[in-house]
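2 protein chains.
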Amino acid sequence: MSVTVVGSLAFDAVKTPFGSRDRMLGGAATHFSLAASFFDEVRPVGPVGDDFGPAELEVLHGRGIITDDIEHVPGGKTFFWAGEYTHNLNVRETLATDLNVFENFQPKLSPAAQDCDVLFLANIQPDLQFDVRRQCERARFVAMDSMNYWIESARESLERTIRAVDCVILNDEELEQLTGAPNTPSAAKELLGWGLKAVVCKNGKYGAALYSEDGFFAIPAYPLAEVIDPTGAGDSFAGGFVGYIAAQVDEPIGHDLLARAMAYGTALASFNVEEFGTERVARLTSDEITERVADLHRMTSFDLAPLTLRG
Amino acid sequence: MSVTVVGSLAFDAVKTPFGSRDRMLGGAATHFSLAASFFDEVRPVGPVGDDFGPAELEVLHGRGIITDDIEHVPGGKTFFWAGEYTHNLNVRETLATDLNVFENFQPKLSPAAQDCDVLFLANIQPDLQFDVRRQCERARFVAMDSMNYWIESARESLERTIRAVDCVILNDEELEQLTGAPNTPSAAKELLGWGLKAVVCKNGKYGAALYSEDGFFAIPAYPLAEVIDPTGAGDSFAGGFVGYIAAQVDEPIGHDLLARAMAYGTALASFNVEEFGTERVARLTSDEITERVADLHRMTSFDLAPLTLRG
Numbered sequence: 001m002s003v004t005v006v007g008s009l010a011f012d013a014v015k016t017p018f019g020s021r022d023r024m025l026g027g028a029a030t031h032f033s034l035a036a037s038f039f040d041e042v043r044p045v046g047p048v049g050d051d052f053g054p055a056e057l058e059v060l061h062g063r064g065i066i067t068d069d070i071e072h073v074p075g076g077k078t079f080f081w082a083g084e085y086t087h088n089l090n091v092r093e094t095l096a097t098d099l100n101v102f103e104n105f106q107p108k109l110s111p112a113a114q115d116c117d118v119l120f121l122a123n124i125q126p127d128l129q130f131d132v133r134r135q136c137e138r139a140r141f142v143a144m145d146s147m148n149y150w151i152e153s154a155r156e157s158l159e160r161t162i163r164a165v166d167c168v169i170l171n172d173e174e175l176e177q178l179t180g181a182p183n184t185p186s187a188a189k190e191l192l193g194w195g196l197k198a199v200v201c202k203n204g205k206y207g208a209a210l211y212s213e214d215g216f217f218a219i220p221a222y223p224l225a226e227v228i229d230p231t232g233a234g235d236s237f238a239g240g241f242v243g244y245i246a247a248q249v250d251e252p253i254g255h256d257l258l259a260r261a262m263a264y265g266t267a268l269a270s271f272n273v274e275e276f277g278t279e280r281v282a283r284l285t286s287d288e289i290t291e292r293v294a295d296l297h298r299m300t301s302f303d304l305a306p307l308t309l310r311g
Numbered sequence: 312m313s314v315t316v317v318g319s320l321a322f323d324a325v326k327t328p329f330g331s332r333d334r335m336l337g338g339a340a341t342h343f344s345l346a347a348s349f350f351d352e353v354r355p356v357g358p359v360g361d362d363f364g365p366a367e368l369e370v371l372h373g374r375g376i377i378t379d380d381i382e383h384v385p386g387g388k389t390f391f392w393a394g395e396y397t398h399n400l401n402v403r404e405t406l407a408t409d410l411n412v413f414e415n416f417q418p419k420l421s422p423a424a425q426d427c428d429v430l431f432l433a434n435i436q437p438d439l440q441f442d443v444r445r446q447c448e449r450a451r452f453v454a455m456d457s458m459n460y461w462i463e464s465a466r467e468s469l470e471r472t473i474r475a476v477d478c479v480i481l482n483d484e485e486l487e488q489l490t491g492a493p494n495t496p497s498a499a500k501e502l503l504g505w506g507l508k509a510v511v512c513k514n515g516k517y518g519a520a521l522y523s524e525d526g527f528f529a530i531p532a533y534p535l536a537e538v539i540d541p542t543g544a545g546d547s548f549a550g551g552f553v554g555y556i557a558a559q560v561d562e563p564i565g566h567d568l569l570a571r572a573m574a575y576g577t578a579l580a581s582f583n584v585e586e587f588g589t590e591r592v593a594r595l596t597s598d599e600i601t602e603r604v605a606d607l608h609r610m611t612s613f614d615l616a617p618l619t620l621r622g
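Quick mapping for you: the protein sequence lines, in order, are chains E and B. Residue numbering for the first sequence follows our numbering, beginning at 1 and increasing consecutively. Residue numbering for the second sequence follows our numbering, beginning at 312 and increasing consecutively.
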């Protein structure tokens with residue numbers, strides 16, 4: 001089985017209260033792929049420029065990621081993002097967004113990428129997401145990200161795309177903005193009515209919630225006394241979540257499977273933020289993931305002890 | 312066994328996007344007492360004026376709350392708070408705070424109130440909290456609330472009080488402001504070093520987290536598609552949490568008990584916000600609480616299914 005992800009491969013410049021990097025490997029498809037690589041074969045689809053070289057490919061190959069669908073644009077420069085986190089990482093300011101080769105990106109998937117079992121559409125223009133979704137008709141589960149920019153500027157396209165997938169992974173503000181609902185539970189209910197199997201709400205340092213046809217599930221973020229760089233946490237979450245689903249080939253995709261997938265997404269996101277960029281996840285081990293998911297299980301469990309209440 | 316709570320009994324005027332009330336029963340001790348009354352005998356301690364009459368007492372008596380320590384100040388007026396919630400309840404603006412009889416409040420506890428098993432110090436001036444804590448030497452568990460105002464204006468008093476209790480119940484911003492730590496896990500670690508048994512972090516619509524000597528536990532808020540009035544949610548949470556602990560007379564107060572108590576706190580807070588002021592909790596039933604805690608258990612459970620990860 002295999003996972004295809006379409007999205008950005010990038011260089012990031014990031015400054016946080018705890019340090020900075022001038023140029024490091026980043027991008028939604030990169031973070032997603034590294035996280036998902038622990039569960040299944042992953043093919044990222046996206047454009048890079050001449051500056052994307054053997055060192056960057058080596059990070060991906062080091063995790064067994066298949067890079068055949070990374071499109072090298074001769075003479076081009078790779079997507080570049082620069083940002084700074086302030087106020088204890090609670091505020092993120094974008095300092096530069098150079099689309100470069102991403103500006104004219106038209107996803108062309110190889111037959112192998114089209115033949116994926118599970119597809120993730122990272123945050124790109126919704127018409128491109130729709131086009132890719134149509135190229136992967138065989139996929140048994142399709143999830144997508146988006147952002148406030150597309151909700152405001154391409155709502156119709158975005159709604160068409162959402163209606164063609166199984167799951168959206170957004171934050172609470174995006175869910176409310178998208179639906180006009182006053183809170184996340186109402187927003188999720190509205191979106192399930194659009195035909196989605198699942199709505200995942202990312203709540204940053206507070207954790208994440210799942211709304212499916214069969215109920216609600218929520219899990220806290222793993223508690224870390226030191227967060228170094230939140231960049232890519234959402235995509236690592238998506239990689240763990242979607243990757244876990246892809247690996248469960250013998251089980252129908254229902255609420256219980258999705259809940260377990262949330263735990264793996266949460267674990268991968270927590271490792272992502274422990275160091276800059278891809279540094280931590282690139283050298284992560286399976287045992288560390290398994291241990292962290294067990295920790296999360298313990299940290300969310302309580303007994304239903306019998307109790308007689310007073311009237 | 313019994314619970315004593317010291318704090319405000321009040322009249323509130325509240326406006327939310329979903330309606331308004333010009334004058335309704337409120338106050339931290341009121342919300343706490345109603346929630347805790349499902350678990351144990353509760354004695355609220357606080358001053359009221361001539362305007363606090365049989366109708367208000369009836370709400371408390373209706374839940375078996377012992378009102379002997381509510382101090383009637385002849386010629387006085389009851390504490391009054393007016394506020395408005397905007398932006399889908401995410402922003403709260405205080406329109407009026409008339410301390411009235413609360414201005415010169417000096418807590419005088421009856422022998423029965425002093426003899427409590429468990430004590431909750433709601434959000435009042437920290438020297439008063441300290442004084443009450445000293446009056447209840449026999450209490451086997453003491454928890455307290457506070458707020459940014461006291462952190463800024465009475466830090467030394469507040470720290471002395473915190474060092475004399477077992478548990479603080481604050482929100483994430485307050486915990487970080489109090490300790491200067493960059494995030495909640497670090498703040499909690501610092502506070503456990505002050506000698507606390509437990510640090511509870513209230514995260515509003517995202518839920519709540521517990522940090523104890525023995526670990527971390529977190530639980531989401533119960534998902535509600537309609538929230539009418541958040542006023543008193545934190546005190547209802549504290550009432551459910553502290554009340555549950557008080558009722559477990561045969562069990563040492565350890566991490567597992569505290570985690571279960573978090574679920575009851577979460578359940579009570581969720582009922583509180585379903586209607587204005589005390590309206591929902593005043594007519595709540597034991598079965599509704601038990602059912603909601605079982606729901607929360609289901610909504611936070613996932614299996615640790617065996618899984619072989621890829622390298």
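These are computed hints drawn from the structure, not numbers from a lab. Please read these numbers as outputs of a predicted model, since none were measured by experiment. Heads up, a few of these hints could be off.
Below are the BS3-like pairs computed for lysine-lysine, each with C-alpha atoms no more than 30 angstroms apart in a straight line [claimed, not checked]:
hint, chain 1, residue 1, chain 2, residue 2
1, E, 77, E, 108
2, E, 15, B, 508
3, B, 419, B, 508
4, E, 108, E, 197
5, B, 508, E, 189
6, B, 419, B, 388
Status of each hint after checking the structure:
no.: 1; hint: 77(E) - 108(E); result: holds (19 angstroms)
no.: 2; hint: 15(E) - 508(B); result: violated (37 angstroms)
no.: 3; hint: 419(B) - 508(B); result: holds (27 angstroms)
no.: 4; hint: 108(E) - 197(E); result: holds (27 angstroms)
no.: 5; hint: 508(B) - 189(E); result: violated (40 angstroms)
no.: 6; hint: 419(B) - 388(B); result: holds (19 angstroms)
Hint check: violations occur at hints 2, 5; the rest are consistent with the structure.
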